[in-house]
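J.: Residue-level listing of the chains:
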Amino acid sequence: MEVRVVNVRKEFERFPALHDVSLDIRSGELIALLGPSGSGKTTLLRLIAGLERPTKGAIFFGDEDASQKSIQERNVGFVFQHYALFRHMTVADNIGFGLKVRHGARPSGQEIRRRALELLDLVQLSGLEKRYPAQLSGGQRQRVALARAMAIEPKVLLLDEPFGALDAQVRRELRRWLREIHDRTGHTTVFVTHDQEEALELADRVVVMSQGRIEQVGTADDIYDTPNSPFVYSFIGESSSLPVKVENGEVWIADRPIGLSAPHAPSGEAVLYFRPHDVDLLDGCSGCIAGTVAASRRVAGTRRVELEVGGERQRVEIELPVDHPAAQKSRVAFRPRRWKLFPAA
Amino acid sequence: MADPEIKSYELHHESQSAAVTESRPVKAVLMAIALAFLAVFLLLPLIVVFHEALAKGIGAYTEALSSPDTRSAIRLTLLVAAISVPLNVIFGISAAWAIAKFEFKGKAFLTTLIDLPFSVSPVISGLVYVLLFGAQGLLGAWLKAHGIVILFAVPGIVLATIFVTFPFVARELIPLMQEQGNGDEEAALSLGASGWQAFWYVTLPNVKWGLLYGVLLCNARAMGEFGAVSVVSGHIRGLTNTMPLHVEILYNEYNAVGAFAVASLLAGLALVTLVLKTLLEMRYGAEIAATRGH
Numbered sequence: 000m001e002v003r004v005v006n007v008r009k010e011f012e013r014f015p016a017l018h019d020v021s022l023d024i025r026s027g028e029l030i031a032l033l034g035p036s037g038s039g040k041t042t043l044l045r046l047i048a049g050l051e052r053p054t055k056g057a058i059f060f061g062d063e064d065a066s067q068k069s070i071q072e073r074n075v076g077f078v079f080q081h082y083a084l085f086r087h088m089t090v091a092d093n094i095g096f097g098l099k100v101r102h103g104a105r106p107s108g109q110e111i112r113r114r115a116l117e118l119l120d121l122v123q124l125s126g127l128e129k130r131y132p133a134q135l136s137g138g139q140r141q142r143v144a145l146a147r148a149m150a151i152e153p154k155v156l157l158l159d160e161p162f163g164a165l166d167a168q169v170r171r172e173l174r175r176w177l178r179e180i181h182d183r184t185g186h187t188t189v190f191v192t193h194d195q196e197e198a199l200e201l202a203d204r205v206v207v208m209s210q211g212r213i214e215q216v217g218t219a220d221d222i223y224d225t226p227n228s229p230f231v232y233s234f235i236g237e238s239s240s241l242p243v244k245v246e247n248g249e250v251w252i253a254d255r256p257i258g259l260s261a262p263h264a265p266s267g268e269a270v271l272y273f274r275p276h277d278v279d280l281l282d283g284c285s286g287c288i289a290g291t292v293a294a295s296r297r298v299a300g301t302r303r304v305e306l307e308v309g310g311e312r313q314r315v316e317i318e319l320p321v322d323h324p325a326a327q328k329s330r331v332a333f334r335p336r337r338w339k340l341f342p343a344a
Numbered sequence: 000m001a002d003p004e005i006k007s008y009e010l011h012h013e014s015q016s017a018a019v020t021e022s023r024p025v026k027a028v029l030m031a032i033a034l035a036f037l038a039v040f041l042l043l044p045l046i047v048v049f050h051e052a053l054a055k056g057i058g059a060y061t062e063a064l065s066s067p068d069t070r071s072a073i074r075l076t077l078l079v080a081a082i083s084v085p086l087n088v089i090f091g092i093s094a095a096w097a098i099a100k101f102e103f104k105g106k107a108f109l110t111t112l113i114d115l116p117f118s119v120s121p122v123i124s125g126l127v128y129v130l131l132f133g134a135q136g137l138l139g140a141w142l143k144a145h146g147i148v149i150l151f152a153v154p155g156i157v158l159a160t161i162f163v164t165f166p167f168v169a170r171e172l173i174p175l176m177q178e179q180g181n182g183d184e185e186a187a188l189s190l191g192a193s194g195w196q197a198f199w200y201v202t203l204p205n206v207k208w209g210l211l212y213g214v215l216l217c218n219a220r221a222m223g224e225f226g227a228v229s230v231v232s233g234h235i236r237g238l239t240n241t242m243p244l245h246v247e248i249l250y251n252e253y254n255a256v257g258a259f260a261v262a263s264l265l266a267g268l269a270l271v272t273l274v275l276k277t278l279l280e281m282r283y284g285a286e287i288a289a290t291r292g293h
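Protein sequences, first through last, are from chains A and B.
Quick note on numbering: numbering that gives the first Met the number 0 labels position 116 of the first sequence as 115, and the sequence is numbered without any gaps.
Quick note on numbering: numbering that gives the first Met the number 0 labels position 240 of the second sequence as 239, and the sequence is numbered without any gaps.
Here chain A stands alone, though its shape is the one from the complex:
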């Protein structure tokens, strides 16, 4: 099912949580809403589910306007961060709940049970149908929650920080598992996360959000390689930035050109963004960024070097191979390989 969010605004007690957000979600897509806390990602998910009503705008499921429909009528599968399993029901009863309360054509008790066991098998928990939620591990509970959401054959699956409460090991396992389930069942799936690794690894497309707005929508490659705003550049992956000046299509730091040309950039103040690992080290410096080494740290397989650049001693970080001789020097010159200019704020 295709989902379209059209010019949606949401206010809580006059405080805007979402400003004029529009988003097209394709049928069968696995899409991530990624952002820091307070960016409005969970609000957007709850609006799609019908747990909240938009202040303005509309949400379409296919061609149907779903905004005025109640959550029951929308037929969405919602998975909560803290599972929200019914603790007084067995695993099988939890999964069958949606079928048991169905209005109209309600399946028989036997049929409900058969479906529940089938789904339990899908989430690889066969044999645990008689357990209570308290007797399961966190990862198992989340699987049951997903099975329960899928039991109602939802048009859309919505997951709110599905792995947020789990430890790193289990998270990685469940991530791969969720991808498999998605590929097998083909549900249109939206999940919220603040973990960029999770979003970039798992999702077909990532929606980066900040302060109630969508900053960028794209594949993991788009988002990482061509961020379209300073926020996305600094939020996704590592980034370094330096205040620069543009004159006649050349980029300058203080009184020296640094060998980068930006023919289409307007002249004036700007900020240069690049990835710390995506730099060329230079020996002689004519047209480069040169700086004094202020600090150097070993981070896993690389070495991070902090440089002071220019007369104003702007600090900037670059990444070097661990055994690179430049790390021993007191002065290092480099030029970013891939970079982007944004107007100064």
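FYI, nobody ran anything at the bench for these hints, they're computed from the structure.
Please note: incorrect hints may appear among the correct ones.
Listed below are several chain A residues computed to face chain B (Cβ distance under 10 Å; list not exhaustive) [stated by the list, open to error]:
1. E72
2. R73
3. V75
4. G76
5. L84
6. R86
7. H87
8. F96
9. K99
10. V100
11. P153
12. L157
13. P262
Each computed SDA-like pair below joins lysine to any residue, with the alpha-carbon atoms no more than 25 Å apart [unchecked claim]:
14. K276/B / D114/B
15. K104/B / E12/A
16. K129/A / E185/B
C-beta: ideal position from N, C-alpha, C; glycine also.
Since the structure of chain A is provided, determine the placement of chain B on it from the hints.
T.: Same frame as chain A, now just chain B:
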């Protein structure tokens, strides 16, 4: 007045660390003080009640209990409890639901208001109804004109009892529901349940032990209330006397066996309540702890 603090369900005993363990003599003294208090203030009176009730033999005891006035008092007490407890269950669930699940203006005020019966002397609670419904009261003339009798009749007793007992269920449920939040209900709704189904299948089972607790305490109080009921009842024998009031009348008439026989029933009720409460904790302690949190 009953202690408004309802005891927690905590069953796990903290393992004692050596550093906070007192020396033997101190332990012995503390235990002796506690036991002596229990004996003097609780156990002894209880024994006296049953002893006095049976002082003239089992025959006199059953005879005292089968006198028409006593039987009418028992019937009335049961009737009052049968009306006021269900009403307070409905009120308690609604109030707890509203307070725990919604944000609205005046929420803090409502929460305070629910505690009012605990902080007000029961006599005052009764007096309020006299001022409201009495012949000289605010609504007295109107009621009289329409032939409605509230004061010195069953409706007044029921009203006073409801007033005095209305915090019990609500107070037990509010913290429970607040702690559990809306997640389970939202999950139920997202799975297609109607509001009523969500309440019936999810909310109610989540709070059932707390609710039962509240009902138990509410019932004990409804049957045992003296002050408020005394003001509004009018003490008409065989008509508006509840068990606690009847005890007083019999006692004032130097009918010790009668008074203590009825008192023994009330004491028995208290014991049954206590036993049920303990059984609940023993049988469902783990579940109660589980519903209190994850």
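J.: Taking the hints in turn, state whether each one holds.
T.: Taking the hints in turn, this is what the structure says about them:
With its C-beta approaching chain B no nearer than about 9 Å, E72/A sits inside the 10 Å limit, and its interface hint holds. At a threshold of 10 Å, the smallest CB-CB gap from R73/A to chain B is about 8 Å, leaving the interface hint in force. Residue-level restraint check for V75/A holds (minimum Cβ-Cβ distance to chain B is 6 Å; threshold 10 Å). With a cut of 10 Å, the hint placing G76/A at the interface with chain B holds, because the nearest CB-to-CB distance is about 7 Å.
Annotation: L84/A was flagged as interfacial toward chain B, and the flag holds, the nearest CB pair being 8 Å apart, inside 10 Å. Residue-level restraint check for R86/A holds (minimum Cβ-Cβ distance to chain B is 6 Å; threshold 10 Å). A distance limit of 10 Å between C-beta atoms decides the matter here; for H87/A the minimum to chain B is near 4 Å, and the interface restraint holds. Given the 10 Å rule on beta carbons, the hint for F96/A holds: about 6 Å separates it from the nearest Cβ of chain B.
For K99/A, the shortest C-beta to C-beta distance to chain B is roughly 8 Å, which falls under 10 Å, so the interface hint holds. A distance limit of 10 Å between C-beta atoms decides the matter here; for V100/A the minimum to chain B is near 4 Å, and the interface restraint holds. Interface hint at P153/A: satisfied, since its Cβ lies 9 Å from the closest Cβ of chain B, which is below the 10 Å cut-off. At a threshold of 10 Å, the smallest CB-CB gap from L157/A to chain B is about 8 Å, leaving the interface hint in force.
For P262/A, the interface hint is violated, the least distance from its beta-carbon to any beta-carbon of chain B being 53 Å, above 10 Å. Between K276/B and D114/B the alpha-carbon distance is near 23 Å, which keeps this suggested pair within the 25 Å criterion. Using a Cα cut-off of 25 Å, the hinted pair K104/B and E12/A holds, with the two alpha carbons roughly 12 Å apart. Restraint check for K129/A and E185/B: the C-alpha separation of about 24 Å stays at or below 25 Å, so the hint holds.
Taken one by one, the earlier hints fail for this structure only at number 13.
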